[in-house]
Amino acid sequence: MGEMPARMRRSLLGYMPVDSPIYRLHPATRLLFLLVVSAYPMLIRMPELNVLGSIFMLILYKVARVDLTIIKNYKMAFVNLFFVIAIAYTFFGGYRPEYRVLAELGPVKICWENLRWAIVVYIQLIFAILIMIFFLSTTRERDVVVGLRALKVPFVLSYMAGLALRSIGLSIIDFNTIREAEKARALDLDALPFSEKVKKFGMYIVPLVALAIRRSDEVSNALDSRGFSFSGLKTAGRTDYILSKYRLTVLDYLVLVLMALFFAGIVASQLMGWFRVEDSLLYRL
Amino acid sequence: MPEKSVWELEPGEVRKPGTIHIAIMALLIGVGAVAGTFGSLSIPLGYGVTGFWPGVAVQAVGSIWFGMWGVIAGFLFPFISNSLAGAPLYVSFGYLPSNLIQGLLPAWAFKYFKADPRLTSAKDYAIFIVFGVILNNILGAAWAVTALQWFGLVTVESVPLFFSGWTIGNGVPALIFGIILLKALSPLVVKHRSFVKKWWA
Numbered sequence: 005m006g007e008m009p010a011r012m013r014r015s016l017l018g019y020m021p022v023d024s025p026i027y028r029l030h031p032a033t034r035l036l037f038l039l040v041v042s043a044y045p046m047l048i049r050m051p052e053l054n055v056l057g058s059i060f061m062l063i064l065y066k067v068a069r070v071d072l073t074i075i076k077n078y079k080m081a082f083v084n085l086f087f088v089i090a091i092a093y094t095f096f097g098g099y100r101p102e103y104r105v106l107a108e109l110g111p112v113k114i115c116w117e118n119l120r121w122a123i124v125v126y127i128q129l130i131f132a133i134l135i136m137i138f139f140l141s142t143t144r145e146r147d148v149v150v151g152l153r154a155l156k157v158p159f160v161l162s163y164m165a166g167l168a169l170r171s172i173g174l175s176i177i178d179f180n181t182i183r184e185a186e187k188a189r190a191l192d193l194d195a196l197p198f199s200e201k202v203k204k205f206g207m208y209i210v211p212l213v214a215l216a217i218r219r220s221d222e223v224s225n226a227l228d229s230r231g232f233s234f235s236g237l238k239t240a241g242r243t244d245y246i247l248s249k250y251r252l253t254v255l256d257y258l259v260l261v262l263m264a265l266f267f268a269g270i271v272a273s274q275l276m277g278w279f280r281v282e283d284s285l286l287y288r289l
Numbered sequence: 090m091p092e093k094s095v096w097e098l099e100p101g102e103v104r105k106p107g108t109i110h111i112a113i114m115a116l117l118i119g120v121g122a123v124a125g126t127f128g129s130l131s132i133p134l135g136y137g138v139t140g141f142w143p144g145v146a147v148q149a150v151g152s153i154w155f156g157m158w159g160v161i162a163g164f165l166f167p168f169i170s171n172s173l174a175g176a177p178l179y180v181s182f183g184y185l186p187s188n189l190i191q192g193l194l195p196a197w198a199f200k201y202f203k204a205d206p207r208l209t210s211a212k213d214y215a216i217f218i219v220f221g222v223i224l225n226n227i228l229g230a231a232w233a234v235t236a237l238q239w240f241g242l243v244t245v246e247s248v249p250l251f252f253s254g255w256t257i258g259n260g261v262p263a264l265i266f267g268i269i270l271l272k273a274l275s276p277l278v279v280k281h282r283s284f285v286k287k288w289w290a
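Sequences listed follow chains Y and P, in order. Note that this note's numbering has the first sequence beginning at 5, numbered continuously upward. Note that this note's numbering has the second sequence beginning at 90, numbered continuously upward.
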């Protein structure tokens, strides 16, 4: 008899095992992780450090038991990004007399300095994208709401964030319903050329917006009938039921302290001029 | 007697922001995120810039209909759509002012020039095309490439490539889908309680 599949939990980008170690952390810690760690590839350009950061993220994917096929879904995005950066920097990178010319394609000079910068930017972006995918893969709509509420974000903003994330799912359901209706009317989407598919998609906006407007009445009536206002419940201070289900643990505090030190380290490195891109191995070639 | 502008208050009419506006803003973020993600994945030019972004129609039209609620939705949903399409968080932050202006400018123009969102005259079309298709996207593109350059992600020489990619990639869908949305749904929206005559209600 085969092994029973692990219980899974829907995240913003896929499914995660319910007992993933990442869920030992409070949603607020995970939300802060996204913000703090995203500062790293934004401020640090040195490719060696960004490669290390990417390796760290991949280890985190493994530890958190994130389904790595999610990254495969972004394969085309990575490839496309590579070509865009390569073209932007090699063909539109500019030229200075001190640059080392690797090849000449008519009037275009492909220089090592431009190519080097393309590599630096690409590695930097790969790390930043891996952070984003990790966050989306491990976070649920509910986690965002809990995280925001734990960080004392006003009720109306937290509620709106939760409803907005939920409405993405609703819009996708509406979108599929519209497509099914088209198929039922014998429209063969697969036979359409890409340009027609793109045009067709744009046309879906009209029913999607119409459905959103209609749904806004239902949501608003539900909110009013439950006595909600901009500040929360119209009566006395409301109990954050969902927030009461989560507690910050020692592990959270430990991770938060590490993140604070890490962030201070990044800022200090910028102020002190450490880990400059000019110190990288690429610049010694 | 000339028809009354949709932006004018009825005698004794009191307008206040309510839960309907919160709901419409959140739902607009959902629709925009779906439309924007598809666009970002369809003809990507890198860093979330795309050759065809239908999300901009939701930004412009949503802001015309729902005032600041539409503007806020318009600058928040690209965060989600860009992230889902694989753009880093800080790049999405960099685009914030672009996405703000792309919704704010057409909303301001329609109110200022008292244009009708139902597009009943040539003036209405002209205002939408100038402020909701051309100017807003040019300003948005100008800021976006400035941000990309500031982050060191594009070179000065590649600015025209990204600038034209953003302007055309946003302008064409804004023109086509914006007009379709306004013509198809404005008659319904202006009578709906979510319609915003001032900025917040």
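Treat each hint with caution, since some may be false.
As a list, the in silico SDA-like pairs of lysine to any residue whose alpha-carbon atoms are at most 20 Å apart [unchecked claim]:
| hint | chain 1 | residue 1 | chain 2 | residue 2 |
| --- | --- | --- | --- | --- |
| 1 | Y | K203 | P | I257 |
| 2 | P | K105 | Y | L227 |
| 3 | Y | K113 | P | I268 |
| 4 | Y | K201 | P | T244 |
| 5 | P | K105 | Y | D228 |
| 6 | P | K105 | Y | P211 |
| 7 | Y | K201 | P | A215 |
| 8 | Y | K203 | P | P249 |
| 9 | P | K105 | Y | Y245 |
| 10 | Y | K204 | P | L264 |
| 11 | Y | K113 | P | E97 |
| 12 | P | K212 | P | L224 |
| 13 | P | K280 | Y | A214 |
| 14 | Y | K203 | P | V248 |
| 15 | P | K280 | Y | L16 |
| 16 | Y | K204 | P | K272 |
| 17 | Y | K201 | P | L224 |
| 18 | P | K105 | Y | L161 |
| 19 | P | K280 | Y | L215 |
| 20 | Y | K203 | P | K200 |
| 21 | Y | K204 | P | A273 |
| 22 | P | K280 | Y | K113 |
| 23 | Y | K113 | P | I257 |
| 24 | Y | K201 | P | G140 |
| 25 | Y | K76 | Y | L16 |
| 26 | P | K105 | Y | G231 |
| 27 | Y | K204 | P | V261 |
| 28 | Y | K187 | Y | K203 |
| 29 | P | K272 | Y | R218 |
| 30 | P | K105 | Y | A190 |
| 31 | P | K200 | P | E99 |
| 32 | P | K105 | Y | K76 |
| 33 | P | K272 | Y | D228 |
| 34 | P | K280 | Y | K187 |
| 35 | P | K203 | P | L185 |
| 36 | Y | K156 | Y | S229 |
| 37 | P | K105 | Y | S229 |
If you are wondering where the hints come from, they were derived from the structure by calculation, not from laboratory data. Bear in mind the structure is a predicted one, so any value in this text is a computation, not a measurement.
Verification of the supplied hints:
1. K203(Y) - I257(P): With a Cα-Cα distance of about 15 Å, the restraint between K203(Y) and I257(P) holds, given a limit of 20 Å.
2. K105(P) - L227(Y): With Cα atoms ~16 Å apart, K105(P) and L227(Y) stay inside 20 Å; holds.
3. K113(Y) - I268(P): violated (44 Å)
4. K201(Y) - T244(P): violated (33 Å)
5. K105(P) - D228(Y): At roughly 14 Å apart (the allowed maximum being 20 Å), D228(Y) and K105(P) satisfy the hint.
6. K105(P) - P211(Y): Violated, at about 28 Å.
7. K201(Y) - A215(P): Violated - the C-alpha atoms of A215(P) and K201(Y) are around 29 Å apart, more than 20 Å.
8. K203(Y) - P249(P): Judged against 20 Å, a Cα distance of about 26 Å means the pair is violated.
9. K105(P) - Y245(Y): Answer violated: K105(P) to Y245(Y) is near 29 Å, above 20 Å.
10. K204(Y) - L264(P): Holds, because 15 Å separates the two Cα atoms, which is no more than 20 Å.
11. K113(Y) - E97(P): violated (60 Å)
12. K212(P) - L224(P): holds (16 Å)
13. K280(P) - A214(Y): Status holds; Cα separation ~13 Å.
14. K203(Y) - V248(P): violated (27 Å)
15. K280(P) - L16(Y): violated (35 Å)
16. K204(Y) - K272(P): holds (18 Å)
17. K201(Y) - L224(P): violated (28 Å)
18. K105(P) - L161(Y): With Cα atoms ~18 Å apart, K105(P) and L161(Y) stay inside 20 Å; holds.
19. K280(P) - L215(Y): Distance of about 16 Å is within 20 Å: holds.
20. K203(Y) - K200(P): Violated: K203(Y) and K200(P) sit about 30 Å apart, past 20 Å.
21. K204(Y) - A273(P): Answer holds: K204(Y) to A273(P) is near 16 Å, not above 20 Å.
22. K280(P) - K113(Y): violated (60 Å)
23. K113(Y) - I257(P): Answer violated: K113(Y) to I257(P) is near 28 Å, above 20 Å.
24. K201(Y) - G140(P): Roughly 15 Å between the alpha carbons, so the hint for K201(Y) and G140(P) holds.
25. K76(Y) - L16(Y): Holds, at roughly 16 Å.
26. K105(P) - G231(Y): Answer holds: K105(P) to G231(Y) is near 17 Å, not above 20 Å.
27. K204(Y) - V261(P): Holds: K204(Y) and V261(P) sit about 14 Å apart, inside 20 Å.
28. K187(Y) - K203(Y): holds (16 Å)
29. K272(P) - R218(Y): holds (17 Å)
30. K105(P) - A190(Y): violated (46 Å)
31. K200(P) - E99(P): holds (16 Å)
32. K105(P) - K76(Y): Answer violated: K105(P) to K76(Y) is near 48 Å, above 20 Å.
33. K272(P) - D228(Y): With Cα atoms ~31 Å apart, K272(P) and D228(Y) exceed 20 Å; violated.
34. K280(P) - K187(Y): violated (33 Å)
35. K203(P) - L185(P): violated (27 Å)
36. K156(Y) - S229(Y): violated (25 Å)
37. K105(P) - S229(Y): Given that 20 Å is the threshold and the Cα spacing comes to 18 Å, the pair holds.
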